[in-house]
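Asker: Protein chains in written order, with my numbering: chain A, 3 to 320; chain B, -13 to 233.
Incorrect hints may have been included.
[What the hints assert, rightly or not] Have a look at the derived ranges for each label pair, beta carbon to beta carbon:
(1) B:A116 <-> A:Y15: 41 to 47 Å
(2) A:T218 <-> B:K16: 43 to 49 Å
(3) A:D236 <-> B:D105: 33 to 39 Å
(4) A:F89 <-> B:Y(-10): 35 to 41 Å
(5) B:V91 <-> A:F89: 30 to 36 Å
(6) B:R226 <-> A:S58: 51 to 57 Å
(7) A:N217 <-> B:E47: 54 to 60 Å
(8) B:N104 <-> A:T218: 49 to 55 Å
(9) A:R224 <-> B:Y(-10): 45 to 51 Å
(10) A:S58 <-> B:K16: 36 to 42 Å
(11) A:N217 <-> B:D13: 36 to 42 Å
(12) A:P227 <-> B:H9: 52 to 58 Å
(13) B:Y(-10) <-> A:Y279: 47 to 53 Å
(14) A:Y92 <-> B:Q229: 33 to 39 Å
No lab work stands behind these hints, which were simulated from the structure alone.
Every residue, glycine too, gets a C-beta built ideally from N, C-alpha and C.
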Amino acid sequence: METVVLDHISKTYEKGTVLAVDEVSFSVNKGELFGLIGPDGAGKTSLFRILTTLLSADSGRASVAGFDVVKDYKTIRRIVGYMPGRFSLYQDLTVKENLEFFAALFGTTVEANYSLIKSIYEQIKPFNDRRAGKLSGGMKQKLALCCALIHKPQVLLLDEPTTGVDVVSRREFWDMLKSLKKEGITILVSTPYMDEASLCERIALIQSGKILSVNTPDGIRRAYPVKLYAAKSDNIYQLLMDLRALEWIEHCYASGEYLHFNFVSDEQNLLAGLEEYAVSRGHRHLVVREIIPDIEDCFIRLMNEGKWLSEEQIHAII
Amino acid sequence: MKEYVIQCKDLTKRFGDFYAVDHISFDVEKGEIFGFLGANGAGKTTAMRMLCGLSYPTSGEATIAGYNVYTQQEKIKQHIGYMSQKFSLYEDLTVLENIEFYGGVYGLDIKTIKARSNDLLRELGLMPEAKKLVGSLPLGWKQKLAFSVAIFHRPQIVFLDEPTGGVDPITRRQFWDMIYKAAATGITVFVTTHYMDEAEYCHRISVMVDGKVKALDSPATLKADLSAETMEEVFYKLARGAQRSGD
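Throw the hints in and build the complete structure from the sequences for me.
Answerer: Structure (structure tokens):
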């Protein structure tokens, strides 16, 4: 069953001059942990605001748990839990006061659904009397999640909950989402960190208001249309320059300790020639191998290719 | 003989009983790309503020581009560039106005500013946008422009505070292309990031935990020392025991 449905949703700003969301369609199944993956300005927040009935789309239809975002907005507000990208709790209320306030808004009590928030809330309970504005980033994030869950929502909408948070807190947060999924809550979560995609069951890649692809993380990786290789040597930056200078290499970019690249054609075996070339350019400890693309490789492939700067442009800046 | 542009020894910042930065020591070479990582609340921002001449240390020593952090703060500011994702350009000034403003702040004469900004805009292909407000530019372009502006006065060191947060993967890599080029021309790059793949692009990185530098070496050595496959694993192993988790 589809719990969140977006059907050809478009949204413009500035009297129609800025197209933020362009005919977006996808759906999230009941109980699914679904990731919306894309950089700033991709349209993620607009989609969240449309789904939470805070913003109306210019065109298209959307529904949450079978309720229409326009007609049934009051019902939707009762059954979704929303964590906006910007910290939106009351900074001058304490942890406990914020929680009680949000429970009261939804006509419930902290006790009524305590089991749902217990494991998260207990981590911040020692700071019950501290004002929310004085909490650390990680603790604010946990309190916001508790407040979004306090009315036992059917659907949880989380807009970039892990942005700007360090690796340790990010891991903790994703562990929390996994346990919430076990409670049967449908979760739509957005992130600009492509490495978090693999923690979702299905993902939509979004860029400049358009959906690039919707699939399981594995499905997206398998759909990568060409062979992808990784290479490194004792001088990685020189290797990047050398590989980019070759006409028979289509794209080459850094990815962690390796460079990733494609050949313009996978028809012939160009690998031997490449190794010979690298050695002739003085590279030592050369490693080259075919790899399975990660989500970021797929995203780069799917993105508008005209975005690469020319050498001359880069040269001009420095 | 190695030439160091950042040297700090036992640099400390204390607020009451709280050691925000607790006796950190390291040197950064000319032309080096130095990654400055740490858990939330580890003290990175406080440390960077001292290194940029914006805040006095409680104790310890540091020289930046040869200038003393206690007595020559203004000199430091003139010889460094700074860019962050949160604050870089004025959205309600045009592209050209931003360049001229920063050039002026750093004391470049009008002739130099005009010549350099012309070259920069032409080569970036931003000439048609020169008179447009920066707020109307796509994020990727804002960022490239912000970096160009940060090194417009040819500083010895550029401090980049999470410069790539939230940008798309291609723009992020192009940003690193610019960092590499800048470093190759002798500009020292001091950079913080939450993207662990970017930590791999640094020559050396330091990881701060609870006010202290807990590890400092090349990515390859850190991975070997901690038996970690990736920098994310390195970071996790070093920071998971952190006591502090402030912003």
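Asker: A separate judgement is required for each hint: does it hold in the structure or not?
Answerer: Each hint tested on the structure:
| no. | hint | verdict |
| --- | --- | --- |
| 1 | B:A116 <-> A:Y15: 41 to 47 Å | 24 Å, violated |
| 2 | A:T218 <-> B:K16: 43 to 49 Å | 48 Å, holds |
| 3 | A:D236 <-> B:D105: 33 to 39 Å | 34 Å, holds |
| 4 | A:F89 <-> B:Y(-10): 35 to 41 Å | 40 Å, holds |
| 5 | B:V91 <-> A:F89: 30 to 36 Å | 32 Å, holds |
| 6 | B:R226 <-> A:S58: 51 to 57 Å | 44 Å, violated |
| 7 | A:N217 <-> B:E47: 54 to 60 Å | 55 Å, holds |
| 8 | B:N104 <-> A:T218: 49 to 55 Å | 50 Å, holds |
| 9 | A:R224 <-> B:Y(-10): 45 to 51 Å | 49 Å, holds |
| 10 | A:S58 <-> B:K16: 36 to 42 Å | 56 Å, violated |
| 11 | A:N217 <-> B:D13: 36 to 42 Å | 48 Å, violated |
| 12 | A:P227 <-> B:H9: 52 to 58 Å | 53 Å, holds |
| 13 | B:Y(-10) <-> A:Y279: 47 to 53 Å | 37 Å, violated |
| 14 | A:Y92 <-> B:Q229: 33 to 39 Å | 28 Å, violated |
Of the numbered hints given earlier, the model fails hints 1, 6, 10, 11, 13 and 14; all others are met.
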